[in-house]
Amino acid sequence: MITKLSHASIYVLDQASARDFYLNKLGFEEKMNVPLGEDVAWITVSPKDQPDLQLTLMPINQGNMFSAETAEQLASLVANGAFGFGVFACKDIYATYQELSDKGVVFTKAPTEEFYGIEAMFKDDSGNWFSLTQSKEEAS
Amino acid sequence: MAEDLHPNMYKYRRIVEAKLFIDTHYHRKIDLENISDQACFSKYHFLRLFKQAYGKSPHRYLTEVRIGHAKTLLRQQQPVTEVCFLVGFDSLPSFTHLFKREVGMTPTAYVAKIAQHKEESKRLPLRFVPNCFVENFGWDK
Numbered sequence: 041m042i043t044k045l046s047h048a049s050i051y052v053l054d055q056a057s058a059r060d061f062y063l064n065k066l067g068f069e070e071k072m073n074v075p076l077g078e079d080v081a082w083i084t085v086s087p088k089d090q091p092d093l094q095l096t097l098m099p100i101n102q103g104n105m106f107s108a109e110t111a112e113q114l115a116s117l118v119a120n121g122a123f124g125f126g127v128f129a130c131k132d133i134y135a136t137y138q139e140l141s142d143k144g145v146v147f148t149k150a151p152t153e154e155f156y157g158i159e160a161m162f163k164d165d166s167g168n169w170f171s172l173t174q175s176k177e178e179a180s
Numbered sequence: 012m013a014e015d016l017h018p019n020m021y022k023y024r025r026i027v028e029a030k031l032f033i034d035t036h037y038h039r040k041i042d043l044e045n046i047s048d049q050a051c052f053s054k055y056h057f058l059r060l061f062k063q064a065y066g067k068s069p070h071r072y073l074t075e076v077r078i079g080h081a082k083t084l085l086r087q088q089q090p091v092t093e094v095c096f097l098v099g100f101d102s103l104p105s106f107t108h109l110f111k112r113e114v115g116m117t118p119t120a121y122v123a124k125i126a127q128h129k130e131e132s133k134r135l136p137l138r139f140v141p142n143c144f145v146e147n148f149g150w151d152k
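Chains as they are written, first to last, in the working numbering: chain A, 41 to 180; chain B, 12 to 152.
Worth flagging that the hints you see were computed from the coordinates, not collected in a lab.
Quick caveat: nothing in here was measured; it's all calculated off a predicted structure.
There may be inaccurate statements among the hints.
Once the Cα atoms are required to be at most 25 Å apart in a straight line, the calculated BS3-like pairs of lysine-lysine come out as [said to hold, decoys possible]:
1. K176(A) to K124(B)
2. K152(B) to K124(B)
3. K143(A) to K111(B)
4. K111(B) to K124(B)
5. K67(B) to K176(A)
6. K88(A) to K152(B)
7. K88(A) to K71(A)
The following label-pair restraints were derived from C-beta to C-beta distances [stated by the list, open to error]:
8. Q63(B) to A150(A): 18 to 28 Å
9. A120(B) to E153(A): 40 to 50 Å
10. Q102(A) to S102(B): 53 to 63 Å
11. P90(B) to K65(A): 25 to 35 Å
12. M20(B) to F128(A): 13 to 23 Å
13. N64(A) to H70(B): 21 to 31 Å
Take a look, some chain B residues computed to stay more than 12 Å from chain A by CB distance [unchecked claim]:
14. Q63
15. T83
16. T117
17. V140
18. W150
Beta carbons: idealized from backbone N, C-alpha and C, even for Gly.
Please build the complete structure, drawing on both the sequences and the hints.
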């Protein structure tokens with residue numbers, strides 16, 4: 041029986057920049073930062089209230105996994121916003137939207153009433169998009 | 012910059028500013044009553060709005076911010092006594108007590124654990140990475 045998701049990967053264009061974005065703009069906590077070579081490290085971050093989910097900031101490097109051509113294609117897809125990696129939850133979307141916007145996070149959708157709650161969308165520094173949602177239960 | 016979408020956006024801005032005040036002044040003596048005054052709310056109203064926005068009281072949030080910064084400074088090998096005062100605590104016993112309650116170990120034990128983790132991750136970095144990633148990405152070569 042699967043009990044929970046412990047790690048999820050997010051492909052990023054620049055690990056140092058992504059680390060700064062997730063820690064200093066989104067306010068996540070660093071769980072691991074293990075250098076594995078000159079241009080790659082195992083970096084994981086977690087939302088502060090969900091320490092058992094580690095988001096891995098994966099570099100897109102040519103190597104075992106990707107040929108040079110594939111790495112270039114993947115980087116281009118990430119930069120062009122082809123990937124939406126998930127939904128982040130918050131208690132109060134207007135306060136969170138205000139704070140993140142003030143910190144320079146780029147929103148592509150302002151908070152909008154939806155059937156399931158209130159949703160906004162933002163991009164990380166690489167181009168990956170995420171939903172930011174206040175569920176109906178939180179909103180009521 | 013956020014658009015003022017919500018009719019009570021000014022209210023959110025004041026709550027966010029109060030939270031950011033804690034984020035930047037955690038190392039000082041913070042009187043939560045002053046924050047509610049500065050945010051132009053009654054204390055009760057401020058506590059309620061803060062909790063609604065962030066799911067925790069301002070006092071609880073301040074504690075988490077202080078302990079979070081303490082962990083960062085301890086990871087940077089700053090002495091425990093200095094860290095205690097740098098993050099806004101008045102005394103070492105109260106810092107140690109609260110740190111243990113929040114982190115599950117004393118600051119000194121935390122420093123020892125971090126040092127051990129650093130040494131091991133430097134010596135055997137791949138032990139800290141799920142092997143499926145190591146193999147697929149060829150990080151063991």
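Here is what the structure says about each hint:
no. : hint                           : result
1   : K176(A) to K124(B)             : 41 Å, violated
2   : K152(B) to K124(B)             : 29 Å, violated
3   : K143(A) to K111(B)             : 32 Å, violated
4   : K111(B) to K124(B)             : 14 Å, holds
5   : K67(B) to K176(A)              : 19 Å, holds
6   : K88(A) to K152(B)              : 34 Å, violated
7   : K88(A) to K71(A)               : 10 Å, holds
8   : Q63(B) to A150(A): 18 to 28 Å  : 20 Å, holds
9   : A120(B) to E153(A): 40 to 50 Å : 48 Å, holds
10  : Q102(A) to S102(B): 53 to 63 Å : 54 Å, holds
11  : P90(B) to K65(A): 25 to 35 Å   : 30 Å, holds
12  : M20(B) to F128(A): 13 to 23 Å  : 21 Å, holds
13  : N64(A) to H70(B): 21 to 31 Å   : 24 Å, holds
14  : Q63                            : 6 Å, violated
15  : T83                            : 9 Å, violated
16  : T117                           : 20 Å, holds
17  : V140                           : 5 Å, violated
18  : W150                           : 5 Å, violated
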